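S.K.: Going down the list, the protein sequences come from chains A and B.
Position 58 of the first sequence, counted from 1, bears residue number 58 in this note's numbering, the numbering being contiguous throughout.
Just add 1000 to the spot in the second sequence (first one is 1) and you have this note's numbering.
Check each hint, because a few of them may be wrong.
[What the hints assert, rightly or not] Simulated pairs of lysine-lysine, DSSO-like, Cα-Cα distance not exceeding 27 Å:
no.: 1; chain 1: A; residue 1: Lys28; chain 2: A; residue 2: Lys57
no.: 2; chain 1: B; residue 1: Lys1042; chain 2: B; residue 2: Lys1117
no.: 3; chain 1: B; residue 1: Lys1073; chain 2: A; residue 2: Lys28
no.: 4; chain 1: B; residue 1: Lys1003; chain 2: B; residue 2: Lys1117
no.: 5; chain 1: B; residue 1: Lys1132; chain 2: B; residue 2: Lys1003
no.: 6; chain 1: B; residue 1: Lys1003; chain 2: B; residue 2: Lys1113
no.: 7; chain 1: A; residue 1: Lys57; chain 2: B; residue 2: Lys1039
no.: 8; chain 1: A; residue 1: Lys28; chain 2: B; residue 2: Lys1003
no.: 9; chain 1: B; residue 1: Lys1073; chain 2: B; residue 2: Lys1117
no.: 10; chain 1: B; residue 1: Lys1073; chain 2: B; residue 2: Lys1132
no.: 11; chain 1: B; residue 1: Lys1039; chain 2: B; residue 2: Lys1065
no.: 12; chain 1: B; residue 1: Lys1073; chain 2: A; residue 2: Lys2
no.: 13; chain 1: A; residue 1: Lys57; chain 2: B; residue 2: Lys1073
no.: 14; chain 1: B; residue 1: Lys1048; chain 2: B; residue 2: Lys1065
no.: 15; chain 1: B; residue 1: Lys1042; chain 2: B; residue 2: Lys1132
no.: 16; chain 1: A; residue 1: Lys57; chain 2: A; residue 2: Lys2
no.: 17; chain 1: B; residue 1: Lys1003; chain 2: B; residue 2: Lys1048
no.: 18; chain 1: A; residue 1: Lys13; chain 2: A; residue 2: Lys2
no.: 19; chain 1: A; residue 1: Lys57; chain 2: B; residue 2: Lys1065
no.: 20; chain 1: B; residue 1: Lys1117; chain 2: B; residue 2: Lys1039
no.: 21; chain 1: A; residue 1: Lys53; chain 2: B; residue 2: Lys1065
no.: 22; chain 1: B; residue 1: Lys1042; chain 2: B; residue 2: Lys1065
no.: 23; chain 1: B; residue 1: Lys1003; chain 2: A; residue 2: Lys2
no.: 24; chain 1: B; residue 1: Lys1113; chain 2: B; residue 2: Lys1065
no.: 25; chain 1: B; residue 1: Lys1132; chain 2: A; residue 2: Lys28
no.: 26; chain 1: B; residue 1: Lys1132; chain 2: A; residue 2: Lys13
no.: 27; chain 1: A; residue 1: Lys28; chain 2: A; residue 2: Lys2
no.: 28; chain 1: B; residue 1: Lys1042; chain 2: B; residue 2: Lys1113
no.: 29; chain 1: B; residue 1: Lys1048; chain 2: B; residue 2: Lys1117
no.: 30; chain 1: A; residue 1: Lys57; chain 2: B; residue 2: Lys1117
no.: 31; chain 1: B; residue 1: Lys1039; chain 2: B; residue 2: Lys1003
no.: 32; chain 1: B; residue 1: Lys1003; chain 2: B; residue 2: Lys1073
no.: 33; chain 1: B; residue 1: Lys1113; chain 2: B; residue 2: Lys1132
If you are wondering where the hints come from, they were derived from the structure by calculation, not from laboratory data.
Treat the numbers as computed from the prediction; the structure is a model and nothing was measured.
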Amino acid sequence: MKLVINGEEAISKDGINVSELLIEQDVKMPEMVSVELNGSIVRREAFDATNLKEGDKVEFLYFMGGGSVAE
Amino acid sequence: MLKLDIPIEIFDEAVAQARAEAPIEACGILAGIDGTVRKLYKMTNIDKSSIHCMMDPAEQFQVVKDIRSAGLKMLAIYHSHPATPARLSAEDIRLALTPDVAYVIVSLQNADKPEVKGFLIEDGNATEVPVKVLQRSIGRGRCR
């Protein structure tokens, strides 16, 4: 199926969920990624249960931060 | 990326943000083309901590889309160290997850002379990126 991933058209397996998409996209450290689906942030606990469909717009990006000391 | 050129207006804006938000760490994103910064995005530090920062994911998505629609590229992710030097901490390296961007630290340790340094971080290894503050405004022809 066709998806739009981070602004670019991409072909993905039919019916995969968000977790599977991150694996398919070879995303390193997926536990450190935020995902937005069609303009709404997907809660991490919903990654497995959120199935994607033709034409979905998916954005994912890594947490961005830092610190002079770890918290 | 071999360099990061920052117009002085944007440099001043980053330093002003760091000072305004101190003692909380300030954070943001720099976007531009070919290593030259064109736009600064101030971000919310949702940790509201003086020793740690984390950007709001909802703001991150907005900014990434804005950068894309403007035809720019994310060049750097910055945050301030209100009381420590402009050097990377282990936490900075741990959270340097976004590829192909510079990680910039604005240090206010010397209040009268803020220090800015940039780094490339790959697989946990950091190398310094030359950061140049451009004294002349791009497209405005103003000198300072």
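S.K.: Now tell me, hint by hint, if it's right for this structure.
M.R.: Against the structure, the hints come out as follows:
1. A:Lys28 with A:Lys57: Holds, at roughly 20 Å.
2. B:Lys1042 with B:Lys1117: Holds, at about 18 Å.
3. B:Lys1073 with A:Lys28: Since the Cα atoms of lysine 1073 of chain B and lysine 28 of chain A sit roughly 21 Å apart, the hinted pair holds (cutoff 27 Å).
4. B:Lys1003 with B:Lys1117: holds (11 Å)
5. B:Lys1132 with B:Lys1003: The given pair, whose Cα atoms are some 8 Å apart, holds under the 27 Å limit.
6. B:Lys1003 with B:Lys1113: holds (22 Å)
7. A:Lys57 with B:Lys1039: holds (25 Å)
8. A:Lys28 with B:Lys1003: With Cα atoms ~26 Å apart, lysine 28 of chain A and lysine 1003 of chain B stay inside 27 Å; holds.
9. B:Lys1073 with B:Lys1117: Distance of about 20 Å is within 27 Å: holds.
10. B:Lys1073 with B:Lys1132: holds (18 Å)
11. B:Lys1039 with B:Lys1065: holds (14 Å)
12. B:Lys1073 with A:Lys2: holds (25 Å)
13. A:Lys57 with B:Lys1073: holds (20 Å)
14. B:Lys1048 with B:Lys1065: Given pair lysine 1048 of chain B, lysine 1065 of chain B holds - Cα atoms ~25 Å apart, limit 27 Å.
15. B:Lys1042 with B:Lys1132: It holds: about 20 Å lies between the C-alpha atoms, which stays within 27 Å.
16. A:Lys57 with A:Lys2: With a Cα-Cα distance of about 10 Å, the restraint between lysine 57 of chain A and lysine 2 of chain A holds, given a limit of 27 Å.
17. B:Lys1003 with B:Lys1048: violated (30 Å)
18. A:Lys13 with A:Lys2: holds (9 Å)
19. A:Lys57 with B:Lys1065: holds (12 Å)
20. B:Lys1117 with B:Lys1039: Judged against 27 Å, a Cα distance of about 18 Å means the pair holds.
21. A:Lys53 with B:Lys1065: Given that 27 Å is the threshold and the Cα spacing comes to 21 Å, the pair holds.
22. B:Lys1042 with B:Lys1065: Within the cut-off at roughly 15 Å; holds.
23. B:Lys1003 with A:Lys2: Violated, because 37 Å separates the two Cα atoms, which is more than 27 Å.
24. B:Lys1113 with B:Lys1065: Answer violated: lysine 1113 of chain B to lysine 1065 of chain B is near 34 Å, above 27 Å.
25. B:Lys1132 with A:Lys28: violated (32 Å)
26. B:Lys1132 with A:Lys13: Violated, because 45 Å separates the two Cα atoms, which is more than 27 Å.
27. A:Lys28 with A:Lys2: holds (22 Å)
28. B:Lys1042 with B:Lys1113: holds (21 Å)
29. B:Lys1048 with B:Lys1117: At roughly 23 Å apart (the allowed maximum being 27 Å), lysine 1117 of chain B and lysine 1048 of chain B satisfy the hint.
30. A:Lys57 with B:Lys1117: Given pair lysine 57 of chain A, lysine 1117 of chain B is violated - Cα atoms ~36 Å apart, limit 27 Å.
31. B:Lys1039 with B:Lys1003: holds (16 Å)
32. B:Lys1003 with B:Lys1073: holds (14 Å)
33. B:Lys1113 with B:Lys1132: Holds, at roughly 15 Å.
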